[in-house]
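Sequence order for the protein chains is S and H.
Whatever position you read off the first sequence (first residue = 1), add 261 for the working numbering.
Whatever position you read off the second sequence (first residue = 1), add 360 for the working numbering.
A couple of the hints might just be wrong.
[Said to hold, decoys possible] Below, in silico cross-link-like pairs of lysine to aspartate or glutamate (EDC-like), each with a Cα-Cα straight-line distance of 16 angstroms or less:
1. S:K308 <-> S:D321
2. H:K452 <-> H:D684
3. H:K627 <-> H:E647
4. S:K590 <-> S:E484
5. H:K528 <-> S:E317
6. H:K528 <-> S:D321
7. H:K528 <-> S:E316
8. H:K558 <-> H:E514
9. H:K397 <-> H:E667
[What the hints assert, rightly or not] Quick look at which bits of chain S chain H covers, simulated, 3 or more residues with Cβ under 8 angstroms:
10. 294-301
11. 369-377
12. 381-392
13. 577-590
[Claimed, not checked] Some chain H residues near chain S, calculated using beta-carbon distances under 10 angstroms:
14. T470
15. G489
16. M492
17. N522
18. R583
19. F604
20. L643
If you're looking for bench data, these hints aren't it; they were derived computationally from the structure.
We treat Cβ as the ideally placed atom computed from N, Cα and C, and that holds for glycine.
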Amino acid sequence: MSTPAPLRMTYREACKQAIRTAILGDPRVFLMGEDVARYGGCYAVTKGLAQELGEERIRDTPLSENGYVGAGIGAAIAGMRPIVEIMTVNFSLLALDQIVNSAATIPHMSGGQFAVPLVIRMATGAGLQLAAQHSHSLEGWYAHIPGLKVLAPATIEDARFMLQPALDDPNPVLIFEHIMLYNREGELDPNVTGVDIVSAKIRRPGRHVTILSYGGMVFKALEAAASLYEEGIEAEVIDLRVLRPLDMTTILQSVVRTRRVVIVDEGWKSGSLSAEIAARISEDAFFDLDAPIRRVCSREVPMPYAAHLEKAALPQVATIIATARALVKPG
Amino acid sequence: MTDKVHLDHAHIRHLLTAMLRIRRFEEKSFELYQSEKIRGFMHLYDGEEAVSVGVISALQPEDAIVGTYREHGQALARGIGMDVLMAELYGKQEGCCRGRGGSMHVFDRTTRFYGGNAIVGGGLPLAVGSAMGDKMLGRTAVTACFFGDGAVDEGSFHESMNLAALWKLPVLFVCENNLYAMGMALERAEAETRIALKAAGYRVASEAVDGMNVVAVEVAAKRAIAEIRQTNQPFLLECRTYRFRAHSMFDAQLYRSKQEIETWRAKDPVVQLQSWLEDTGLLHADEIGQIEAEIAAEVDAAVAFAEAGTWEPTEDLERFVTMDRVPQ
């Protein structure tokens, strides 16, 4: 029996196929957001879908983030399975009330009478010189909130397959798509037809140091690991994939083996996801560590426009390499 | 469906009973708060009974409701049991939300009562979504969305009015305009205080009605719902009303005069209806006495139910933070 050839596609195309399949597969699923229909999506993820699926299933909304996110929650409670697209994480701040005060609370607050089976997708991250108001990585904020599930697909496979289990989940699930990944091409194994939204994945095994990352940072971590290998340092790269709830089992198993950790997070350090992961490792694997936990994060500044400043503010491969090297070969 | 209100004996009795149940429930809740059986924030509905009773009398069982944080009246008018509501105020697990929600977060699946929402204006987008879901699923239900005049200051009011009109959604927006957003007087908060007029900016039909007159509210609500069904457009009903008690249990009411309160008390919706019924002989004093006795017994039973209730084990604290299925 011949093996089917791998499918080559962009991350953007994978996101689009996921949406299309989900809508075709369930009459309750629809997508709404700003400029998703006639414009085709700010990052062109939904281009052409409205023509195929109709403007009720791919619905343009006015610029009313709090309004249409709340409408998504209400529609989910009424029996639909909405996918709400927020153009960028920056605009999601205008919908924080509905996400945090409604979607995250209603199941618990109602004593389990209502679930909120809703998916909210949004673009996140920096790298296109979009400056301070369009470059945030605030997924760590959302990962702070009980009641939400937070996903960060980094690979083509996850971009293609995380949406369906997110829609099948009875809880509000936030999916963060890093803007620098949309054009990235990769191969989709035709034998893979689904993924879980529970576990972290080892993207590159190694035994000297664990590099924890997610989203856009996974590829920087992998690049750093490839370079470190040339120096004889075998770094294990873990793609967190699920930011809430964290798969601490996979993280701790790796840490116990490598005894050294670098956390790479595009968010700021203060009060962050990287801080939370470091704290949990300290709580549960302190005596297994041979070195302090290190973090490579964005510099604590609003993101500047100028390319050289943006680059200086973001975690870079060279910093990851230097940080990991210093842990493995101190002095 | 008819938009007429038949003021026959049974219906009049229903309207009076429904309002009196709320009044007596709130009086008891006040008392129980003083004796520290109820804690947290509690907002009483005395004075506003005609609004929820009038509107909800015009709804069908399949319709949905989104309430406010001053929602004991909305919940009782919708048919949520007085016993489970009182148990909720006690924080007991026999409460309608197992004691997780308390006074401000009453939910009930069986009557499609989607909260109880303590974020002013927070319910309006949810109502848009509920109506959107119903429409997409081919149901004919209407969603009635209660909110106060304070919510009109919020962006969510304007976003929701626009979305509902744009998408032709069956939402009955019901503004309980009691003239104060906590202590903020309407004329100090809004450049245009005639809330019903704001609907025109969204091409939404609207009407302002005397919210102290239950029959007027019910007639207006029936008319509005008939229009929603006919036009597939939302409707804004502004009910001009007044709360007789303080905003919450921590309010010294420095922002309004005793005289103003007395002026409004003279328009008491319960007293108004009761006097009219007695004057016209539609309901005899004996029968009203009988209704009062039944309600007193119901309130006593609700308190006994709440007293006998149990505390949810702390082991269950994290239950329902995330759900393992969508309840059907």
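Do the hints match the structure? See the list:
1. As the CA atoms of K308 of chain S and D321 of chain S are separated by approximately 12 angstroms, the hinted pair is consistent with the 16 angstroms bound.
2. Between K452 of chain H and D684 of chain H, the direct Cα distance comes to roughly 23 angstroms. Violation of the 16 angstroms bound is thereby established for this hinted pair.
3. Under the criterion of a C-alpha separation no larger than 16 angstroms, the hint pairing K627 of chain H with E647 of chain H is inconsistent with the structure, at around 23 angstroms.
4. This hinted pair does not check out: K590 of chain S and E484 of chain S have alpha carbons roughly 19 angstroms apart, beyond 16 angstroms.
5. About 12 angstroms separates the Cα atoms of K528 of chain H and E317 of chain S, which keeps this hinted pair within 16 angstroms; it holds.
6. A threshold of 16 angstroms between alpha carbons decides the hint, and for K528 of chain H with D321 of chain S the separation of about 14 angstroms falls inside it, so the pair holds.
7. This hinted pair checks out: K528 of chain H and E316 of chain S have alpha carbons roughly 14 angstroms apart, not beyond 16 angstroms.
8. Distance hint between K558 of chain H and E514 of chain H is fulfilled; the C-alpha atoms sit about 13 angstroms from each other, no more than 16 angstroms.
9. Taken as a hint, the K397 of chain H and E667 of chain H pair is honoured in the structure, with Cα atoms around 9 angstroms apart against an allowance of 16 angstroms.
10. Only residues whose C-beta sits within less than 8 angstroms of a C-beta in chain H count toward coverage, and the stretch 294-301 of chain S has 0 of them, not enough to reach three; the restraint is violated.
11. Restraint check on the stretch 369-377 of chain S versus chain H: 8 residues with Cβ-Cβ distances below 8 angstroms, three needed, restraint holds.
12. Remark: the stretch 381-392 of chain S is not confirmed as covered by chain H, as 0 of its residues place a Cβ nearer than 8 angstroms to a Cβ of that chain, below the required three.
13. For the stretch 577-590 of chain S, the proposed coverage by chain H is not satisfied: 0 residues have a C-beta within less than 8 angstroms of a C-beta in that chain, short of the threshold of three.
14. Because the closest C-beta pair between T470 of chain H and chain S is about 9 angstroms apart, less than 10 angstroms, the hint holds.
15. Interface hint at G489 of chain H: satisfied, since its Cβ lies 2 angstroms from the closest Cβ of chain S, which is below the 10 angstroms cut-off.
16. The interface hint given for M492 of chain H is met, as the beta carbon of that residue sits about 5 angstroms from the closest beta carbon of chain S, less than 10 angstroms.
17. Annotation: N522 of chain H was flagged as interfacial toward chain S, and the flag holds, the nearest CB pair being 6 angstroms apart, inside 10 angstroms.
18. For R583 of chain H, the interface hint is violated, since its Cβ never comes within 10 angstroms of a Cβ in chain S; the closest pair sits about 25 angstroms apart.
19. Taking 10 angstroms as the C-beta cut-off, the interface hint given for F604 of chain H is violated, the closest approach to chain S being about 28 angstroms.
20. The closest approach between the C-beta of L643 of chain H and any C-beta of chain S is roughly 37 angstroms, which is over the 10 angstroms cut-off, so the hint fails.
The earlier numbered hints that this structure contradicts are 2, 3, 4, 10, 12, 13, 18, 19, 20.
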